[in-house]
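There are 2 protein chains.
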Amino acid sequence: MRPTDHQNPQSLDQLVEALRCLPGVGPKSALRMAYHLLQRDRAGAQTLANALDHALQRVGHCQLCNTFSESAICPLCASSTRDKHLLCVVEMPTDLMMMELTHSYNGMYFVLMGRLSPLDGIGPKEINLDKLIKRAQDGIVNEVILATNYTNEGEATAHYISELLKSRDVSVSRIARGLPMGGEIEYVDSGTLSMALLGRKSC
Amino acid sequence: MRPTDHQNPQSLDQLVEALRCLPGVGPKSALRMAYHLLQRDRAGAQTLANALDHALQRVGHCQLCNTFSESAICPLCASSTRDKHLLCVVEMPTDLMMMELTHSYNGMYFVLMGRLSPLDGIGPKEINLDKLIKRAQDGIVNEVILATNYTNEGEATAHYISELLKSRDVSVSRIARGLPMGGEIEYVDSGTLSMALLGRKSC
Chain A
43 MRPTDHQNPQ SLDQLVEALR CLPGVGPKSA LRMAYHLLQR DRAGAQTLAN ALDHALQRVG
103 HCQLCNTFSE SAICPLCASS TRDKHLLCVV EMPTDLMMME LTHSYNGMYF VLMGRLSPLD
163 GIGPKEINLD KLIKRAQDGI VNEVILATNY TNEGEATAHY ISELLKSRDV SVSRIARGLP
223 MGGEIEYVDS GTLSMALLGR KSC
Chain B
43 MRPTDHQNPQ SLDQLVEALR CLPGVGPKSA LRMAYHLLQR DRAGAQTLAN ALDHALQRVG
103 HCQLCNTFSE SAICPLCASS TRDKHLLCVV EMPTDLMMME LTHSYNGMYF VLMGRLSPLD
163 GIGPKEINLD KLIKRAQDGI VNEVILATNY TNEGEATAHY ISELLKSRDV SVSRIARGLP
223 MGGEIEYVDS GTLSMALLGR KSC
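Chains as they are written, first to last, in this note's numbering: chain A, 43 to 245; chain B, 43 to 245.
Note that these hints are calculated values from the structure, not bench results.
Wrong hints could be hidden among the right ones.
Repeated chains share a single entry, so a pair holds when one copy, or any two copies, can fit it.
[Said to hold, decoys possible] With a straight-line cut-off of 30 Å between C-alpha atoms, the simulated DSSO-like cross-links for lysine-lysine are:
no.: 1; residue 1: 70; residue 2: 176
no.: 2; residue 1: 208; residue 2: 167
no.: 3; residue 1: 167; residue 2: 70
no.: 4; residue 1: 70; residue 2: 173
no.: 5; residue 1: 167; residue 2: 126
no.: 6; residue 1: 208; residue 2: 70
no.: 7; residue 1: 173; residue 2: 126
no.: 8; residue 1: 70; residue 2: 243
no.: 9; residue 1: 243; residue 2: 208
no.: 10; residue 1: 173; residue 2: 243
Kindly generate the complete structure, drawing on both the sequences and the hints.
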């Protein structure tokens, strides 16, 4: 018996290695996934292979808002009923969807597809800031609303973008920070409370 | 604008749905994975699609030991230097590899590819017990060693198999239970200690 006789077949090893491209999947999870697919869900594995091929071929980015789209201009950007003067900058398509669910915004969007994160190698180029600057200076947009997350990285991203745009005389705003709906002062963290206080409005 | 204008493109939704066939991947992880693949690792996604296709085509089960194999009989079963009288039953190929790493077993294997788990819909048929019974009664095997895990499900599986085989006059044994190497009585759980006591050997 060769020393490798008890090892997994090569194509199984290759599958395990390939599964590791998924975020959050290490060697053990990848092995568990490969075993599961080959043992219990071959139909699912075939569907996954096809869906990957299909999505890779068809999904690109909207030329205007940069979100995932199967067409050059996504349906939202192509819509005639949206307010073209407002441009809301979000990190991910999920954020765009959450904004839409509020039904309180009818402007355009720009999706960064990430946030500045130097440690992960994500700089201004990876989040398409050139494209954003061009988009914000189309002569129609008159306000850019920064709706990145209130995390450290989201904050840094918003700050960076606002500096870039202000130097080009584009008017920029940032979504408000404060107590959440139903938030009780007793239970809210002090950072949020301090920001709610600093951001108080006359009434 | 139609109400669905802000939704993900269809082929992206299909990819998200397909990723959910992976164990432990829910809707949020699947979305995160799909975004990651399409945004940051298209090469990885293509490799994964190809690896899935390749593995689905090539990986089957060894006719003798039931482990994953690219050939009808796996290299270990085909080896001429192994002891054909011993048959060790394990749950998964990883368990087989761990057994091999001990270098203290030179017999044959049977890999159940699972354990009895009625709640997950895994019964005797799913873990190939018919195949095991036939394998154990080939006239050459004279001892079946049950090396399933010492979990509830592994224990139930071992018990079930031992009843099946004993009723067919096959000699069956179970790997020992007791203190692990370097185990200190002060720190070991009482279940293990009680089993170590019950399983004591004269010396």
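- prompt: If you check each hint against the structure, which ones fail?
  reply: Hint check: 1, 6, 8 and 10 fail, others pass.
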